[in-house]
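**Student:** So the chains spell out like this:
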Amino acid sequence: MKEEVFFLKYAFPCSFILLDRKEITKEELDKLEKAVVNEEVLDREYLEKIYFRAFQKIEKFANELKKDKWDLEVLKKYFIEEHNCIINEGKYAYAKAPESLKNLCKVHKAKVLEIKDEVLIVEYDGNKKRPVMKLLVPGVVVNDIVTIHYGYAIEKL
Amino acid sequence: MCLAIPGRIIEINGDIAKIDYGSERREGKIVEGKYSIGEFVIVQGRIIIEKVPEEQVKGWIELIQEK
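First to last, the sequence lines map onto chains V and S.
Residue numbering for the first sequence follows the working numbering, starting at 1 and increasing by one per position.
Residue numbering for the second sequence follows the working numbering, starting at 1 and increasing by one per position.
Just chain S, same shape as in the assembly:
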C-alpha cells in the first residue's frame, strides 16, 4: 500500500494523473494547480493535494517508513 508517501507523475490524461510509487501505480485527480510529468505529489482521498520538491522525497519516505 502506498498512500502516504510521494509518488511520481508518469502520465496525465485530462485531469487524471497516473502516479508511480515504485511498487505500484495509482491514479490521482488534479483539481487545483498545474502539474507536469516527473513531479512528485501526495495523493489523499483520490485527489492530488500537494507537490513535493524532489529533494524532499527521501525525507518523506524515511520518516513515514520509520517504525
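Excised from the complex, chain V in its bound form:
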C-alpha cells in the first residue's frame, strides 16, 4: 500500500475534528472521504498541512528511529503503537483529554461480531463494544480482526 493511502486511512477519522475547528471545509472533508474510499494518492504536502498535528508527532518519532517520516514502516509503527503510547502517557493535548475522548482516539485491534448494513459491531479491549463504519473495509466478514479508530474500521489485519 502506498504511504499516502495508508496515512489517510488512519488519519481520516480525525478530519471531523478539523472540520469542527474550521481548519478544513465541508467540501474538503467530502474530497478526503472520496480519496480515502478510492485509495487515491494525495499530495504529501497537502496531507502534512491538513494533518499537521499528526505530522508533528510522526516527524519526532521518525527522527528517533532515524528514518523518514513517510517511510511506511514508520507510519505503521506510529499508528499501531506510538500513537496509543502518546495518548496513554498524556502527551501533547492529551494531557487534558477526558477518558472517553482518549479511548476513541486510540487505535484498537477489534474483532467483528456482527455486520449491520454499512456498520460493523466490533469487540475490543476484552469486552468493550463499538459500532464502526464499514466504509474502509468493505470485504470484511464476522470474526475478522480489524483496527478501529474513532467511528471507522481502518484495515483488516
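Bear in mind the hints are in silico, worked out from the structure with no lab data behind them.
Wrong hints could be hidden among the right ones.
No farther apart than 27 Å at their CA atoms in a straight line, the calculated lysine-lysine pairs in the BS3-like style are these [stated by the list, open to error]: (1) S:Lys51 / V:Lys129; (2) S:Lys29 / V:Lys156; (3) V:Lys96 / S:Lys58; (4) S:Lys34 / V:Lys31; (5) S:Lys34 / V:Lys106; (6) S:Lys51 / V:Lys156; (7) V:Lys109 / S:Lys18; (8) V:Lys129 / S:Lys34; (9) S:Lys18 / V:Lys67; (10) V:Lys106 / S:Lys29.
Anything over 12 Å on all C-beta distances counts as not near chain S; from chain V, calculated [claimed, not checked]: (11) Asp20; (12) Glu114; (13) Arg130; (14) Met133; (15) Lys134.
Note that CB positions come from ideal geometry on N, CA and C, so glycine has one too.
Since chain V is already given, all that's left is putting chain S on it; use the hints.
**Tutor:** Okay, now just chain S, sitting in the frame of chain V:
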C-alpha cells in the same frame, strides 16, 4: 458544524436519535447499545459510536475547540 463534539439526545424514535448541539440539531442512528434521552453521545458517519459521561463533556468541548 458540530460533528466531533458530544451532543445531547433530546428525542428517540425507533433507532433514530435526535441530538442537540446547542447551535444545531442532528440525527444519529443507534445500532448498538441502549441510549436514553438526556445522555451525551458522539456521532460519526451518521451513527452513534459512544456515550460520553456528562462530567467529561466540558473537557471534550475545550479540547476540540482549542486552537
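**Student:** Each hint should be assessed against the structure and marked as holding or not.
**Tutor:** Tested hints:
1. S:Lys51 / V:Lys129: 12 Å, holds
2. S:Lys29 / V:Lys156: Answer holds: Lys29 of chain S to Lys156 of chain V is near 24 Å, not above 27 Å.
3. V:Lys96 / S:Lys58: This hinted pair holds, its Cα atoms lying about 11 Å apart.
4. S:Lys34 / V:Lys31: Cα-Cα ~34 Å, so violated.
5. S:Lys34 / V:Lys106: 23 Å, holds
6. S:Lys51 / V:Lys156: OK: Lys51 of chain S and Lys156 of chain V at ~26 Å, within 27 Å.
7. V:Lys109 / S:Lys18: 30 Å, violated
8. V:Lys129 / S:Lys34: 12 Å, holds
9. S:Lys18 / V:Lys67: Given pair Lys18 of chain S, Lys67 of chain V is violated - Cα atoms ~48 Å apart, limit 27 Å.
10. V:Lys106 / S:Lys29: The given pair, whose Cα atoms are some 23 Å apart, holds under the 27 Å limit.
11. Asp20: 4 Å, violated
12. Glu114: Not fine: 8 Å to the nearest Cβ puts Glu114 of chain V too close to chain S.
13. Arg130: 6 Å, violated
14. Met133: The claim is violated: Met133 of chain V sits with its nearest Cβ about 4 Å from chain S, within 12 Å.
15. Lys134: For Lys134 of chain V, whose nearest Cβ neighbour in chain S is about 10 Å away, the distance does not exceed 12 Å, so it is violated.
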